[in-house]
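Trainee: Could you build all of it, start to finish, from the sequences and the hints given here?
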Amino acid sequence: MPDIVELERRITAALDRISQGLEQSAAKSAEAAEREAEREAEREAATQAAIAAATEEAAQKATEAAQAELAQASADQQASVEEQSAVETELREALEAERATNENLTNTGQRQETRIDRLQRRVNRMTRRLEAATLENLRLQGLVDALRENNDALRAGDTEAEDSMSVDEAMRDELADLRARRADDLAELDEIMAELAPLVKEA
Numbered sequence: 001m002p003d004i005v006e007l008e009r010r011i012t013a014a015l016d017r018i019s020q021g022l023e024q025s026a027a028k029s030a031e032a033a034e035r036e037a038e039r040e041a042e043r044e045a046a047t048q049a050a051i052a053a054a055t056e057e058a059a060q061k062a063t064e065a066a067q068a069e070l071a072q073a074s075a076d077q078q079a080s081v082e083e084q085s086a087v088e089t090e091l092r093e094a095l096e097a098e099r100a101t102n103e104n105l106t107n108t109g110q111r112q113e114t115r116i117d118r119l120q121r122r123v124n125r126m127t128r129r130l131e132a133a134t135l136e137n138l139r140l141q142g143l144v145d146a147l148r149e150n151n152d153a154l155r156a157g158d159t160e161a162e163d164s165m166s167v168d169e170a171m172r173d174e175l176a177d178l179r180a181r182r183a184d185d186l187a188e189l190d191e192i193m194a195e196l197a198p199l200v201k202e203a
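Under our numbering, read the sequence shown as residues 1 to 203, first letter to last.
Please keep in mind that the hints were generated in silico from the structure rather than gathered at the bench.
Quick caveat, the model's predicted, so the values are computed rather than measured.
Each residue gets a CB set at the ideal place from its N, CA and C atoms; glycine is no exception.
Treat the hints with caution; some may be incorrect.
[Claimed, not checked] Cβ-Cβ distance ranges computed for the label pairs, FRET-style:
# : residue 1 : residue 2 : range
1 : Arg118    : Gln141    : 30 to 36 Å
2 : Glu6      : Ala41     : 17 to 23 Å
3 : Ala45     : Arg10     : 23 to 29 Å
4 : Gln78     : Arg39     : 55 to 61 Å
5 : Glu44     : Arg10     : 17 to 23 Å
6 : Arg121    : Gly142    : 31 to 37 Å
7 : Thr127    : Ala180    : 16 to 22 Å
Mentor: Written as structure tokens, this is what we have:
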């Protein structure tokens, strides 16, 4: 009987030790788990901080790059505006020069047209005078023939010699007048040709 009591006591003591060991082990496990959780939280916080820092750095770099691109785009736009302004100024000056040239050409053309019109009127007048001179030549040929006949009559001792001499003198006067008019026509024709020469060279 005493042996059984002793055995129970020993079993109870062993169970108490096991229970205490389990409690201590559980406490240690809980403490370890708590420390692990703390470390995990620290790692998570560090990771989040690193992510936030990287994100902030990336955002800063992106902002700086965007600002640099914006500044470059603004500079390019300003350069383009200045270049366009220079081109517009050059085109405006070229247009003004072209207008001035056209105005000069117009004035010159008008002056030339005035000269040409004046010369054309003179040429038309000369043409009419030459046509009249052609008729005068035909009449002159008739006078020459008549003068020749009168001379033949004078040489033949015609009784109407006195009248023939009067006709001869009149025809000679008319012939001299015709030759003078022809000389005037030729002189005016030379003047017209002299004025036409520069226009022909310009054309």
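Trainee: Could you check the hint for me, namely that Glu44 and Arg10 are 17 to 23 Å apart, CB to CB?
Mentor: violated, 50 Å
Trainee: At the C-beta level, are Gln78 and Arg39 separated by a distance inside 55 to 61 Å?
Mentor: holds, 58 Å
Trainee: Given a hint of 30 to 36 Å, does the C-beta separation of Arg118 and Gln141 actually sit inside it?
Mentor: Because 34 Å falls inside the window, the suggested range holds.
Trainee: Does the Cβ-Cβ separation between Ala45 and Arg10 fall within 23 to 29 Å?
Mentor: violated, 52 Å
Trainee: Is 16 to 22 Å respected by the C-beta to C-beta distance linking Thr127 and Ala180?
Mentor: Given range 16 to 22 Å: holds, Cβ gap about 20 Å.
Trainee: Could you tell me whether the CB distance from Arg121 to Gly142 stays inside 31 to 37 Å?
Mentor: holds, 32 Å
Trainee: Range hint 17 to 23 Å: satisfied by the CB atoms of Glu6 and Ala41?
Mentor: violated, 52 Å
Checked against the numbered hints given earlier, the structure breaks hints 2, 3 and 5 and satisfies all the rest.
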